[in-house]
Amino acid sequence: MIETIASAALSESANSPGWFLVHSIGVGMGILGLVFFLGTAVGMVRFPDFYTRMHAAGKGDTLSTMLMLAGFGLVMMEDFSAGSWLLLLKILGIVLFIFITTPSSSHALMRAAFEDDEMPLGEKDLKKLRKRGGKPSAR
Amino acid sequence: MGASLLVLMIPILYRIIMGPTGFDRILGVNVIGTKTAVILVIIGTLFDRVDMFVDFAIAYALLNFVGAIVVSRYFNRTVPLQEMEKPKPRRRAKV
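Heads up: the sequence lines are chains A and B, in that order.
Per the numbering used here, the very first residue in the first sequence carries number -9; after that it's consecutive.
Per the numbering used here, the very first residue in the second sequence carries number 77; after that it's consecutive.
Extracted from the complex, chain A is given alone in its bound form:
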């Protein structure tokens, strides 16, 4: 998919270096977003505790979604017509919406978990966990 987008950006704007620069910035932002989402996925699997998992998911999810959507809006931009501007404006609206809502929803989830007596791991728990070889026991 990335190769097709990159080749499309290359073929469309071979005659104008400005559009090639805009499209390659968009593709680069998409790839950077995928890297951040890889961090989120690894963190969700590897971290030992609910709060650390929430840390990985909240940050990486927000930034990767924003980067991917903004880069996609730059790639879809082809000319300065009204429809193209409207599309970019809508995508930037989603980016702003996600920038506001994802941290607040993860804050609400964290607060609900803390009120529900879900305690974070302490120093002793981590020592116990290391003695057992890093495997948490099944609840």
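Hint data in this document are derived by calculation from the structure and do not stem from the laboratory.
As the structure is a computational prediction, the values presented were derived from the model and not from experiment.
Be aware that one or more of the hints could be misleading.
Pairs of lysine to any residue residues, derived as SDA-like cross-links and limited to a Cα-Cα distance of at most 20 Å, are as follows [to be verified]:
id	chain 1	residue 1	chain 2	residue 2
1	A	K80	B	L138
2	A	K80	B	F123
3	A	K80	B	I119
4	A	K49	B	I108
5	A	K49	B	L81
6	A	K49	B	L138
7	A	K80	B	D124
8	A	K80	B	L122
9	A	K80	B	V105
10	A	K121	A	L111
11	A	K49	B	M128
12	A	K80	B	V83
13	A	K80	A	F70
14	A	K49	B	L122
15	A	K80	B	D127
16	A	K49	B	I145
17	A	K49	B	P87
18	A	K80	B	L84
19	A	K80	B	F132
20	A	K118	B	P96
21	A	K49	B	L84
22	A	K121	A	D106
23	A	K80	B	G109
24	A	K80	B	L116
25	A	K49	B	I92
26	A	K49	B	I119
27	A	K80	B	D131
28	A	K80	B	L139
29	A	K49	B	I86
30	A	K80	B	M128
31	A	K49	B	M85
32	A	K80	B	R101
33	A	K49	B	D131
34	A	K80	B	F129
35	A	K49	B	D124
36	A	K49	B	V105
37	A	K80	B	R125
Not everything, but these chain B residues come out facing chain A in the computed CB check (under 8 Å) [to be verified]:
id	residue
38	M77
39	S80
40	R91
Glycine residues also receive a C-beta, built at the ideal position from the N, C-alpha and C atoms.
Got chain A sorted already, so can you dock chain B onto it with the hints?
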């Protein structure tokens, strides 16, 4: 980009299925819902109707946010202020 997003969703699906607490599952559902908005915009290029699919993505992001807020309100026990200020023994984390 869409295919690699789908591949990277597999570890989060693992966390949803195997998650030790319910909150892990809700967190995974939230992450996947946010990424579905991105995938919807990418699907729009396949049908050449990106302007239409962007509206779908806006609606999906809104529903995802409302769902996360509702679930966290549901799990949050609302206690009165006098009981909240009383020191209560919290149980330790199970390792």
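Cross-check of the supplied hints:
Taking the CA atoms of A:K80 and B:L138, the gap is about 14 Å. The hint holds against a cut of 20 Å. With a CA separation close to 18 Å, the supplied pair A:K80 and B:F123 stays within the 20 Å bound. Of the pairs offered as hints, the one joining A:K80 and B:I119 holds, with about 16 Å between alpha carbons and a cut-off of 20 Å not exceeded. Between the alpha carbons of A:K49 and B:I108 the distance comes to roughly 14 Å, so the proposed pair stays at or under 20 Å and holds.
A distance of roughly 17 Å separates the Cα atoms of A:K49 and B:L81; the hinted pair therefore holds under the 20 Å criterion. Of the supplied pair hints, the one linking A:K49 and B:L138 holds, its CA atoms being roughly 19 Å apart against a limit of 20 Å. Distance hint between A:K80 and B:D124 is fulfilled; the C-alpha atoms sit about 16 Å from each other, no more than 20 Å. For the given pair, A:K80 sits about 19 Å from B:L122 by alpha-carbon distance, which is consistent with the 20 Å threshold.
Of the pairs offered as hints, the one joining A:K80 and B:V105 is violated, with about 24 Å between alpha carbons and a cut-off of 20 Å exceeded. Note on A:K121 and A:L111: the hinted pairing holds, with a Cα-Cα distance of about 15 Å set against a maximum of 20 Å. As the CA atoms of A:K49 and B:M128 are separated by approximately 29 Å, the hinted pair breaks the 20 Å bound. A C-alpha spacing of about 27 Å is found between A:K80 and B:V83, which places the hinted pair above 20 Å, so the restraint is violated.
Restraint check for A:K80 and A:F70: the C-alpha separation of about 15 Å stays at or below 20 Å, so the hint holds. A threshold of 20 Å between alpha carbons decides the hint, and for A:K49 with B:L122 the separation of about 29 Å lies outside it, so the pair is violated. For the suggested pair A:K80 and B:D127, the alpha carbons sit about 8 Å apart, so the restraint of at most 20 Å is met. Using a Cα cut-off of 20 Å, the hinted pair A:K49 and B:I145 holds, with the two alpha carbons roughly 18 Å apart.
For the proposed pair A:K49 and B:P87, the alpha carbon gap of about 17 Å is at most 20 Å, so the pair holds. A distance of roughly 26 Å separates the Cα atoms of A:K80 and B:L84; the hinted pair therefore is violated under the 20 Å criterion. For the hint linking A:K80 to B:F132, the alpha-carbon distance of about 11 Å falls within 20 Å, and the restraint holds. Restraint check for A:K118 and B:P96: the C-alpha separation of about 18 Å stays at or below 20 Å, so the hint holds.
Taking the CA atoms of A:K49 and B:L84, the gap is near 16 Å; set against the 20 Å cutoff, the hint holds. For the given pair, A:K121 sits about 28 Å from A:D106 by alpha-carbon distance, which is inconsistent with the 20 Å threshold. For the given pair, A:K80 sits about 19 Å from B:G109 by alpha-carbon distance, which is consistent with the 20 Å threshold. Between the alpha carbons of A:K80 and B:L116 the distance comes to roughly 14 Å, so the proposed pair stays at or under 20 Å and holds.
Of the supplied pair hints, the one linking A:K49 and B:I92 holds, its CA atoms being roughly 18 Å apart against a limit of 20 Å. Distance check on the hinted pair: A:K49 and B:I119 sit about 25 Å apart at the alpha-carbon level, beyond 20 Å; violated. About 8 Å separates the Cα atoms of A:K80 and B:D131, which keeps this hinted pair within 20 Å; it holds. Taking the CA atoms of A:K80 and B:L139, the gap is about 17 Å. The hint holds against a cut of 20 Å.
Among the hinted pairs, A:K49 with B:I86 is consistent with the structure: their alpha-carbon atoms are about 19 Å apart, no more than 20 Å. For the hint linking A:K80 to B:M128, the alpha-carbon distance of about 11 Å falls within 20 Å, and the restraint holds. For the proposed pair A:K49 and B:M85, the alpha carbon gap of about 16 Å is at most 20 Å, so the pair holds. Note on A:K80 and B:R101: the hinted pairing is violated, with a Cα-Cα distance of about 30 Å set against a maximum of 20 Å.
With a C-alpha separation of about 25 Å, the suggested pairing of A:K49 with B:D131 is violated against the 20 Å cut-off. Distance check on the hinted pair: A:K80 and B:F129 sit about 11 Å apart at the alpha-carbon level, within 20 Å; holds. For the given pair, A:K49 sits about 32 Å from B:D124 by alpha-carbon distance, which is inconsistent with the 20 Å threshold. For the proposed pair A:K49 and B:V105, the alpha carbon gap of about 15 Å is at most 20 Å, so the pair holds.
With a C-alpha separation of about 14 Å, the suggested pair A:K80 and B:R125 falls inside the 20 Å cut-off, and the hint holds. Because the closest C-beta pair between B:M77 and chain A is about 5 Å apart, less than 8 Å, the hint holds. Interface restraint check: B:S80 against chain A, minimum CB-CB distance 6 Å, threshold 8 Å, status holds. For B:R91, the suggested interface contact is upheld, since its CB lies about 5 Å from the closest CB of chain A, less than 8 Å.
Comparing the model with each numbered hint stated earlier shows that hints 9, 11, 12, 14, 18, 22, 26, 32, 33, 35 do not hold.
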